[in-house]
Amino acid sequence: MKKTIKQVVVYGLLSLGAITMLLPFFWMISTAFKTGFESLQTPVTWWPKHLVWENWVNAWYAAPFLRYLINSVIVAAVTTVGQIFTAILAAFAFSKLNFAGKNLLFTILLATMMVPVEMLIIPNFVTLSQFHLINTYGALILPWLGSFFAVFTLRQSFNTIPDQLYYAARIDGASDWQFLWSVLVPNAKSSITAIGLLQVIGSWNSFMWPLIVTNSETMRTLPVGLQAFSTDSGINYPELMAASTFVILPMALLYICFNKYVVAGISNNGLKG
Amino acid sequence: MMNNHKPTLKESLKGWLYVLPLLLIIGVFNLYPIVSSFAMSFFTEYNFFTNEVGALGLNNFTTIFSDPTFHDALENTLIFVVGVVPVEVILSLLIATLLNQIKWLSNLFRTIYFLPFVTSVVAISMVWRWIYNKDAGLLNVLLGWIGINPIDWLNDPHYALLALIILAIWKGLGFNIMLFLVALNNVDQRIYDAAHLDGAKPLQQWWHITVPMISPMTFLVTVNAVIASFKVFDEVYALYGGQPGPAGSAMTLVYYLYRAFYEQNKYGQAAATGVVLFILILLVTLVQMWFSKKHVHY
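Which chain is which? The protein sequence lines are A and B, in order. Residue numbers for the first sequence follow this note's numbering, beginning at 348 and rising by one. Residue numbers for the second sequence follow this note's numbering, beginning at -2 and rising by one.
Just chain B, with the same shape it has in the complex:
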């Protein structure tokens, strides 16, 4: 009713006053930097102390795109995304399905599966660093039981990304399980009852009812996991002690950004990397919007 009339000046003033504290913070630390980092990516001569811009151009982009390390970073990030996301989504859906079947101890299991989510990435990466130790690490001990020779997880460039992927899957499962449980809980029990009467076996029910019914959540979880994986940084830094893996073999996009910005003071190139990251995430988001309009029915 009253909410639809045209606001008076006094009402508008009051509204903006209530939004003001938030707007100050978001304006200075979110809105301005968005504009500023796009601009900065085109600054080719920039003095950050005086905030003076000498010249503009596409140099930052041409520089990073001709840098082999940037190519590695992009490639590694994509491998990481492809390595983590499908396994994480499928495993978390399976575990959520199992968790949804039980009552006894259900809360205990949920708490356990979710524990890695609340855990500091840096701290748990230290633990994994120890687990990945070649000589006395737990993983090699367990692999030894099934006859696999010790692997030098953290120093062999061939295994650097795999080590990162395993850690990320382990860390990320709980969050996705939680979201799948919400979706599973929302599927109407009567559909299963009807299918049961028609003689559908549990596995058939799962494949023909559960999977299609929760497809919106599967999609959401996937998109979210892709975006989060694009941003991988903390794990790399902590697992390899402030290095992007042995011989740079775990260089990722955000690590590249961090290095350009913080270690090499190449602000323009770092900002250009940020823009590339933004575009990648924007693409994923656009696919998401297009796809949910077309295929996902709530």
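Isolated chain A, as found in the complex:
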């Protein structure tokens, strides 16, 4: 009996919390289906009286959201693939190779993780303007192609393969390159997936950097485009909520499909610097 009461209380509290977490999402979607008039009416309606599908179409065409979407996909994809590639090579060197200055370099790179990226924005902007890369994919992507967080995580994963196996493979005539791609990488598949997913999410949602380095509509990513849409268009809440859904939905779906990896990525590797 006492146990049942306890269960009821636990589930009750958790449900209350879950409702609080979901309410903004529910309100977003519910509003996106209302007419502008209904959205401002009091008392508020929880469910739209009629589903106004036009809001979605209007929002989509009110700003070049297709272009924003394409930009976001390109930036997230290239950043993630590039970052994983540089991380795989470096993690291999730190895990299995022996070279002069290795420990010093590792320590320096580890220390850079502490520096807030906000501080690096100004010099990076200057550098990229000198290369005439402002308002290009280059500016959106290049600075994020190297992540020591990814290296650190992958190195841990590569370390689980015993060094003896590496030396044996070398004696059997396998090159470093072959060993890396045919033994280490396949073995680290789940950490690579986790790092990749976290990076896709981070890149998709990032705002300050793309806000600063883009100055034309055609180069905006989704969050920057959404922000511009919200100030340019005057506020029509149903359309703004529909537009917000465009930005949120892809990552929400990605997370729901791969939630095991996302959670593992965060739990196993502690914190993202």
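FYI, nobody ran anything at the bench for these hints, they're computed from the structure. Virtual Cβ for every residue (Gly too), placed ideally from N, Cα, C. A portion of the hints provided could be inaccurate.
[As the list claims (entries may be wrong)] In silico DSS-like cross-links for lysine-lysine, where the CA-CA straight-line distance does not exceed 30 angstroms:
#1 B:Lys291 / B:Lys228
#2 B:Lys131 / A:Lys396
#3 B:Lys100 / A:Lys350
#4 A:Lys449 / A:Lys536
#5 A:Lys449 / B:Lys7
#6 B:Lys198 / A:Lys353
#7 B:Lys100 / A:Lys353
#8 A:Lys536 / B:Lys11
#9 A:Lys536 / B:Lys100
[Unchecked claim] Here are the computed distance ranges between Cβ atoms for each label pair:
#10 A:Ser362 / B:Trp142: 14 to 22 angstroms
#11 B:Asn97 / A:Gln477: 34 to 42 angstroms
#12 B:Asn182 / A:Lys349: 41 to 49 angstroms
#13 A:Ser614 / B:Leu283: 24 to 32 angstroms
#14 B:Pro154 / A:Leu363: 27 to 35 angstroms
#15 B:Asp185 / A:Ile366: 28 to 36 angstroms
#16 A:Ile366 / B:Pro83: 19 to 27 angstroms
#17 A:Ala458 / B:Lys291: 16 to 24 angstroms
#18 A:Ile455 / B:Ala36: 12 to 20 angstroms
#19 A:Phe478 / B:Pro209: 51 to 59 angstroms
#20 A:Ser537 / B:Pro154: 23 to 31 angstroms
#21 B:Leu283 / A:Ala409: 47 to 55 angstroms
#22 B:Ile145 / A:Phe478: 48 to 56 angstroms
Using the hints provided, position chain B relative to the given structure of chain A.
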């Protein structure tokens, strides 16, 4: 074995070759800018187009420290940190404890609590902007149920920071819950069994076993939340439509940096603000290192 010998030139060359792509990127976009932004904070006459430095000095620092807006930014950022971190840490520990008690629907709940973490700050801030609407916003409707008069969340300077704090707590809970769940999972079940045999009540067990056992994680979560809160920017920008709150009431440190850099082209002052941010974060990190050496036992 072989890893301990002194590397030959050929081995060193190979090692550096594998690190090279990473090093190129990190060198240009992390290492160089660290040095450069410290230097830039001392440039008092700087032409960014030609990268020429006219004069050096402490002017940027004296200018920002005598700017009342900078004081506001610093103060607001500290209020924000103090408002967000304790509530976030305590709430996420409580929720994680509850989540750890259940099996049925456990995954569903975890997925729901974690959803805000994967959500774009800008997009969800738009939603909160709507929730905070004075006349038809959801929050005022809910508050109306318990007899609270409508609050003009986004236009009343007294509520600007509170609105920001509520949003940040809601957004940040999931990540911390996830970390606490890892820590709770690592506590040895036998300790609870022993305590149970000794007659300890669940609440006593929680307070006398769980809380001390997971203290390293509590500490880590706190430090991480403090550092993340120092950097608050996206929420401010999106919630107030590219303004630092009504009458500048939600001006934060990073917003100040952004404004000095991007809107006012005062690169030196922006860099000096960056250095202040860096020092604040460095202090937190040093406290963390000192504290974990002294108090936290793994």
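Verification of the hints:
{"no.": "1", "hint": "B:Lys291 / B:Lys228", "in the structure": "holds (28 angstroms)"}
{"no.": "2", "hint": "B:Lys131 / A:Lys396", "in the structure": "holds (22 angstroms)"}
{"no.": "3", "hint": "B:Lys100 / A:Lys350", "in the structure": "holds (14 angstroms)"}
{"no.": "4", "hint": "A:Lys449 / A:Lys536", "in the structure": "holds (25 angstroms)"}
{"no.": "5", "hint": "A:Lys449 / B:Lys7", "in the structure": "holds (14 angstroms)"}
{"no.": "6", "hint": "B:Lys198 / A:Lys353", "in the structure": "holds (13 angstroms)"}
{"no.": "7", "hint": "B:Lys100 / A:Lys353", "in the structure": "holds (14 angstroms)"}
{"no.": "8", "hint": "A:Lys536 / B:Lys11", "in the structure": "holds (24 angstroms)"}
{"no.": "9", "hint": "A:Lys536 / B:Lys100", "in the structure": "holds (28 angstroms)"}
{"no.": "10", "hint": "A:Ser362 / B:Trp142: 14 to 22 angstroms", "in the structure": "holds (18 angstroms)"}
{"no.": "11", "hint": "B:Asn97 / A:Gln477: 34 to 42 angstroms", "in the structure": "violated (53 angstroms)"}
{"no.": "12", "hint": "B:Asn182 / A:Lys349: 41 to 49 angstroms", "in the structure": "violated (25 angstroms)"}
{"no.": "13", "hint": "A:Ser614 / B:Leu283: 24 to 32 angstroms", "in the structure": "holds (27 angstroms)"}
{"no.": "14", "hint": "B:Pro154 / A:Leu363: 27 to 35 angstroms", "in the structure": "holds (31 angstroms)"}
{"no.": "15", "hint": "B:Asp185 / A:Ile366: 28 to 36 angstroms", "in the structure": "holds (34 angstroms)"}
{"no.": "16", "hint": "A:Ile366 / B:Pro83: 19 to 27 angstroms", "in the structure": "holds (23 angstroms)"}
{"no.": "17", "hint": "A:Ala458 / B:Lys291: 16 to 24 angstroms", "in the structure": "holds (22 angstroms)"}
{"no.": "18", "hint": "A:Ile455 / B:Ala36: 12 to 20 angstroms", "in the structure": "holds (18 angstroms)"}
{"no.": "19", "hint": "A:Phe478 / B:Pro209: 51 to 59 angstroms", "in the structure": "holds (54 angstroms)"}
{"no.": "20", "hint": "A:Ser537 / B:Pro154: 23 to 31 angstroms", "in the structure": "violated (49 angstroms)"}
{"no.": "21", "hint": "B:Leu283 / A:Ala409: 47 to 55 angstroms", "in the structure": "holds (49 angstroms)"}
{"no.": "22", "hint": "B:Ile145 / A:Phe478: 48 to 56 angstroms", "in the structure": "holds (55 angstroms)"}
Checked against the numbered hints given earlier, this structure breaks hints 11, 12 and 20; the rest are met.
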